[in-house]
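A.B. asks: If you're matching them up, the sequences are chains A and B in order.
Counted the way my numbering counts, the first sequence spans residues 1 to 194.
Counted the way my numbering counts, the second sequence spans residues 1 to 212.
FYI, nobody ran anything at the bench for these hints, they're computed from the structure.
Worth double-checking, as some hints may not be accurate.
Computed, partial: chain A to chain B, Cβ under 8 angstroms [claimed, not checked]:
| hint | residue |
| --- | --- |
| 1 | Gly65 |
| 2 | Tyr69 |
| 3 | Arg171 |
Ideal placement from N, C-alpha and C gives every residue a C-beta, glycine not left out.
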Amino acid sequence: MIRARQLEKRFGEKRVLRGLELELERGGFLVVTGPNGSGKTTLLRLCAGLATPTKGTLAVEAERGRIGYLGHEPLVYRELTALENLELYGRLYRVPQRQERSGMLLERFGLWEARDARTGTFSRGMLQRLALCRTLLHEPELVLLDEPFSGLDVEGSALLERQLDELRADRTFLVASHEPERLQALASARLALA
Amino acid sequence: MTYLADVVALTRKDLLLQLRARDTLPAMALFVLSALVVFNFALPVEESRLAALGLLWVAIVFTALLGLGRTWAAEREQHVLDGLVLAPCDRSAIWAGKAISTFVFLALVELIALPAFSIFFSPVSGATVAGVLLANVGICAVGTLFAAMSSAGRGRELLLPLFFLPLILPVVVGGVGAGATDDPLRYLGFLALYDLLFAILSWASFEYVVTE
């Protein structure tokens with residue numbers, strides 16, 4: 001699903017990734033760890049197609065609309081409600097029966113009651129839950145998650161773990177996390193960036 | 001049809017955001033009115049209609065610049081552009097939706113500006129109104145693209161006018177010409193040609209602007 005050869009990424013003079021070799025098979029669950037600034041987020045952005053490598057090759061066998069990307073930001077409009085945000089993304093991502101799918105995800109992530117509230121009023125944890133709904137809305141085959149537990153409370157974290165466990169069977173995951181122990185049971189491989 | 005549906009959804013989203021945030025539109029309206037009031041006092045009473053017409057275009061261009069500076073504010077501040085760019089829709093639909101919503105905002109502001117100009121200076125001719133409408137297309141097509149380019153970099157407040165103003169000069173020439181001559185069709189045709197050319201160029205190049 002993902003193959004990187006001698007992957008390098010620079011931002012000006014700063015080299016973030018250097019000579020990275022990576023192979024992730026379809027259905028795999030790769031957990032990426034490393035200290036701040038080691039290039040975890042950059043790797044995910046490269047895989048999503050949001051950035052281009054400076055050197056080396058990166059092949060991702062998933063079309064643009066088949067990738068689910070959860071970044072540091074929720075990527076939602078604060079002046080729109082949770083439901084409006086998901087419906088907008090649902091249309092752009094060609095999600096069939098997007099209203100039903102949006103509703104189902106909001107319910108699953110405990111946001112149904114807040115569906116008509118503007119996301120500008122949401123707490124950090126609620127925004128993270130909504131971002132997870134957005135990421136999974138179009139049933140992506142490749143799921144890229146950058147610190148998915150960030151901002152989630154105990155209940156939210158447990159909910160996410162359950163979701164990942166359910167989805168793991170028919171999807172490929174690349175997850176960057178400072179809490180790899182949470183993902184130990186799910187991970188098929190680990191990559192430590194220095 | 002899918003492309004059009006995407007453009008409609010994105011335009012609707014921008015209009016809804018503005019309706020709720022109410023930040024850019026009132027600022028643009030206040031700015032254009034203030035500018036016209038200042039020009040009213042700055043321009044000597046006996047000064048010609050042509051000079052006043054020129055000032056109308058100064059007000060329109062700088063009001064548009066004010067609005068364009070905020071065009072991508074929601075995407076920039078809330079980092080939403082990443083989410084839109086990852087969608088399988090044609091990326092030019094993002095530009096088209098934004099350009100159309102900017103056109104609507106500018107036209108709404110001009111609904112205030114043109115009557116105000118008539119009160120302060122002289123009645124506005126049909127050719128001027130046609131010129132303003134055609135100019136809006138060019139301003140929004142070019143401005144939306146350059147606003148996207150400058151919003152990604154540092155010093156965007158400086159970059160946007162530097163990119164935008166030289167490119168929009170033909171629009172001002174065409175707009176003033178349409179209102180000032182006895183043969184406005186020649187200038188309106190020139191504006192339509194500019195709109196067509198730059199709308200196609202902006203539409204086609206947006207993909208490269210939003211890719212890193």
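A.B. asks: Each hint: holds or not?
C.D. replies: Hint check results:
1. Gly65: holds, 3 angstroms
2. Tyr69: Holds, because the Cβ-Cβ distance from Tyr69 (chain A) to chain B comes to roughly 6 angstroms (cut-off 8 angstroms).
3. Arg171: For Arg171 (chain A), the interface hint is violated, since the closest Cβ of chain B sits about 16 angstroms away, which is over 8 angstroms.
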